[in-house]
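A.B. asks: Listed below, chain by chain, are the residues.
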Amino acid sequence: MALIALNEITKYYEMGTQVVKALDGIDVEIERNEYVAFIGSSGSGKSTMLNILGCLDRPTGGQYHLNGNNVENLNQNQLSEIRNLEIGFIFQSFNLLPRATALGNVMQPLIYRNIPFRKRKEMATRALARVNLADRTDHLPNQLSGGQRQRVAIARALVTHPSILLADEPTGNLDSRTTVEIMQLFDELHAEGHTVIMVTHEDEIAAHCKRVIEMKDGRIFQDSTQATAEIH
Amino acid sequence: MLFSLLESCRSALLSIYAHGLRSFLTTLGIVIGVASVIAVISITQGLRVFVSQQFASLGTNSLTVRSYTPIEDRMQGINRRLTPEDLDLIERRIDGIASITPILFANRASQVKYGSQTSYSQIMGTTYAFQDVAQFYTTQGRFLADSDNSTRRRIAVIGDTVRENLNLPENPVNEFIELGGEWFRIVGLLETKGDIMGFSQDDRVLVPYATMQSLQGNQARTDIQIQLSLSETAEVEDVISQLTTLLRNAHDLNSNEDDDFVIETAEQMMDTFDAILGVVTVVIGGIVGISLLVGGIGIMNIMLVSVTERTREIGICKAIGAKRHHILLQFLIESMFLSLLGGLIGLGLGFGLGVLIANNIPSFPPAAIPVWAAALAMGFSAFVGILFGILPAAKAANLDPIDALRYE
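Protein sequences, first through last, are from chains A and B.
Numbering (this note's numbering) for the first sequence: 793 to 1024.
Numbering (this note's numbering) for the second sequence: 49 to 456.
Keep in mind the hints are simulated off the structure, nothing from the lab.
Keep in mind that a hint or two might mislead.
Computed, partial: chain B to chain A, Cβ under 8 Å [said to hold, decoys possible]:
no.	residue
1	Glu-55
2	Ala-60
3	Leu-62
4	Ile-64
5	Ala-66
6	Gly-68
7	Arg-70
8	Met-123
9	Gly-125
10	Arg-141
11	Thr-292
12	Leu-377
13	Lys-443
14	Asp-451
15	Tyr-455
Even glycine gets a Cβ: it sits at the ideal position worked out from N, Cα and C.
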């Protein structure tokens, strides 16, 4: 069975009397170790797509199976648990906890799994070493550069060994040189066997991915697999 | 659960520390409330310890019987009295008395003169038994003797305050003082006893009971107090009931009439004092309750601000797997710590205040703070913190992760 299976997923928002169809019948399957980009202009529904995939939001209709679990009818607490176990989020604006050090940020998701401090620290240190930040563990987010912050965020996503790495415009706030670094990191993670799904509106970013799903008006417009990733 | 609890505590302390000044100002209401209650309690408890020591020195097994005139009777000009006949009756008929003594208070201006000095003191006519009953002993000279009474000798035993007021020498024995126009030779100086509830026990002049009686103008209206101490085996309650029956019969009281005398024990006086302290404590407690309520609302207010400020953080935590109870616990603990911190500062401040007040009022007993009061203050602070933390914590826990993440 596919890692992610979306069947007839819809998401409607009511804006006054008007109903906005953010997602209007999505059928998609994503296998383990795929490298997928959702692209599309703003308003195409890709952010909603990300929220649904990340179990932050529940669809209005349709079925969503994640790693064999049906996640449609779960309550907020159960969704929290799914997010903790299955999903590693990487946000455009990094979303680190400002008062916690790099190490503290990476340890945070492990708290919700009731892992003892010593073990947490060990796992977080390893995750930070993986993103080449072993020497920055005691720095606060505001003492780190944008690229370093995003790497802390990636370490935080990796530390729980999730089924999916879900990145929302991961390079949106970065300069072009750091963008290259971060995308290289994603390429490596994919090569190591991680399933990487990202949402972007930049073609250059999408070009790294093996599969590009273009969205338009809440529907899948094009789903294409490309051979290689080249940096233009 | 345990690890997330520890983590919540750490994070709460971190957050309080990060907003040091704000946390302090927020908790000021609690600080003031707890400080005032602790200050009052430490003073009243100190007072209580002091007073109970004083009562103990009075002799716990002594009784005082005095006449009591209801206010209605007094307005009709009727005065109830205890007479020397009552004294005789008690001496003869009551079991369990170790020693008994009448006390006759001067019924005119209690002027005492020595040379050109004049002072106003409590003049009491009593017998040698007074020293056993009231536990008063002399440091210089001797006490009143039985023979002084039978011969109506004009002698006096004085307290140390009287000696000071009259500029008498350190050893005043054999000096003469003037009481109501008569000369009395001083035969003894009493040991110093201090105050009981503001009444000096050292500002008194003791003269033989019979001497005092002969000096009183109207013999028919003599109203005495009777002090007695009980023998080792006697029960206070038993002696009180004997006394009541005896005196009611002697005074021809009908069963529907109230006693025209009161029997006081040191224990009763202590109880009265305790009752007064109890009322004071309750009143202070009420005021403090209001202060803690206001303090709690302050904490709730700032916690609501804090939740709004940290909406995005809450969103992040929820996105990476925090459940409702994780967020709820974190804010509840933060609010509890904030309030507890106020309680702790208040405890120190209140105790300091109590010590300061006690030290600055002369002859005031040292402040004492019972453990129960400290524990109660801390417990109540924590309770207020949790109570007023519920609303903000619930607000935080119920945030929608998407909205919270999008919050700028």
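A.B. asks: Hint by hint, which ones does the structure fall short of?
C.D. replies: Of the numbered hints, 2, 4, 6, 7, 8, 9, 10, 11, 12, 13, 14, 15 do not hold.
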